[in-house]
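A.B. asks: If you want the building blocks of each chain, they are given just below.
2 protein chains.
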Amino acid sequence: MTKLDTLGRHILVEYYNCDEDVLRDPAVIEQYMNEAAVRCGATIVQSVFHHFNPWGVSGAVIISESHLTIHTWPEYGYAAVDLFTCGDINPWVGFDYLEKMLGSQKTESTEIPRGVTSKIQRYSPHNLGVIVHKPAEV
Amino acid sequence: MTKLDTLGRHILVEYYNCDEDVLRDPAVIEQYMNEAAVRCGATIVQSVFHHFNPWGVSGAVIISESHLTIHTWPEYGYAAVDLFTCGDINPWVGFDYLEKMLGSQKTESTEIPRGVTSKIQRYSPHNLGVIVHKPAEV
Numbered sequence: 019m020t021k022l023d024t025l026g027r028h029i030l031v032e033y034y035n036c037d038e039d040v041l042r043d044p045a046v047i048e049q050y051m052n053e054a055a056v057r058c059g060a061t062i063v064q065s066v067f068h069h070f071n072p073w074g075v076s077g078a079v080i081i082s083e084s085h086l087t088i089h090t091w092p093e094y095g096y097a098a099v100d101l102f103t104c105g106d107i108n109p110w111v112g113f114d115y116l117e118k119m120l121g122s123q124k125t126e127s128t129e130i131p132r133g134v135t136s137k138i139q140r141y142s143p144h145n146l147g148v149i150v151h152k153p154a155e156v
Numbered sequence: 019m020t021k022l023d024t025l026g027r028h029i030l031v032e033y034y035n036c037d038e039d040v041l042r043d044p045a046v047i048e049q050y051m052n053e054a055a056v057r058c059g060a061t062i063v064q065s066v067f068h069h070f071n072p073w074g075v076s077g078a079v080i081i082s083e084s085h086l087t088i089h090t091w092p093e094y095g096y097a098a099v100d101l102f103t104c105g106d107i108n109p110w111v112g113f114d115y116l117e118k119m120l121g122s123q124k125t126e127s128t129e130i131p132r133g134v135t136s137k138i139q140r141y142s143p144h145n146l147g148v149i150v151h152k153p154a155e156v
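Those protein sequence lines, which keep their order, are chains A and B. Position 51 (the first sequence) corresponds to 69 in my numbering; numbering is contiguous. Position 119 (the second sequence) corresponds to 137 in my numbering; numbering is contiguous.
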């Protein structure tokens, strides 16, 4: 078991100058988001995607290691993607895959630690001991 | 129509020292997350929640204004919540509601702008003109 400094890592991605036709197709976006989850090494629990008329696509993939979400603005060639992962998987594989599949010519990202274990221990009324990674059973 | 500086606002919340019984109950968490969306003034499109054995709950509420997500670690009294909203709704109402309903004794939050319009314009090959708020039709 691995002692953890944070429970999760959360990457917020701005995909600029994407392929507008891809961004407006809910079936294609769902396929790419699910494939991104698989390529990260994640286990998909459930995904939900929705197409907003006349604009973009919103969706979430719940994975046993947290979630991936996307919101697209085809008219601006822009998509906001979140890759929130726990445990021993690599969200950057999903980042790279989506950059390619969305045809994004410019990306920006921010990584935010989620569930910093020293803070969880600090604010808990209990002695939590060592916080370790415990894979979930789906 | 309102000229926009950003397409969305994204609040990442750490809820520490929560009610552990609440955090492990998927039906209660789903109810609170949906109610949080409604109280923000959002329109719910679809929600998905999942209970991981023997641990916490993960879920997403897709709203026509983007999404709310949650991941709970009952054994640590900790929940990670995201409130990503577009348009003229107030995610902090949802923040306050969840703080109360999860029984969190300590919160921390980070607000990240998503889709900064000057950057979208900068990286677009097109002249996008003025970027304004356009409510989606669900």
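Everything labelled a hint here was simulated from the structure, so no lab data went into it. Note that this is a predicted model, so its numbers are computed, not measured. Fair warning: there could be bad hints in the mix.
Copies of one chain are not kept apart here, so a pair can be met inside one copy or by any two copies together.
[Claimed, not checked] Straight-line C-alpha distance at most 30 Å; calculated BS3-like pairs for lysine-lysine:
hint, residue 1, residue 2
1, K152, K21
2, K124, K21
3, K21, K137
4, K137, K152
5, K118, K137
6, K137, K124
A.B. asks: List, from low to high, the hint numbers that the structure doesn't satisfy.
C.D. replies: Failing hints: none at all.
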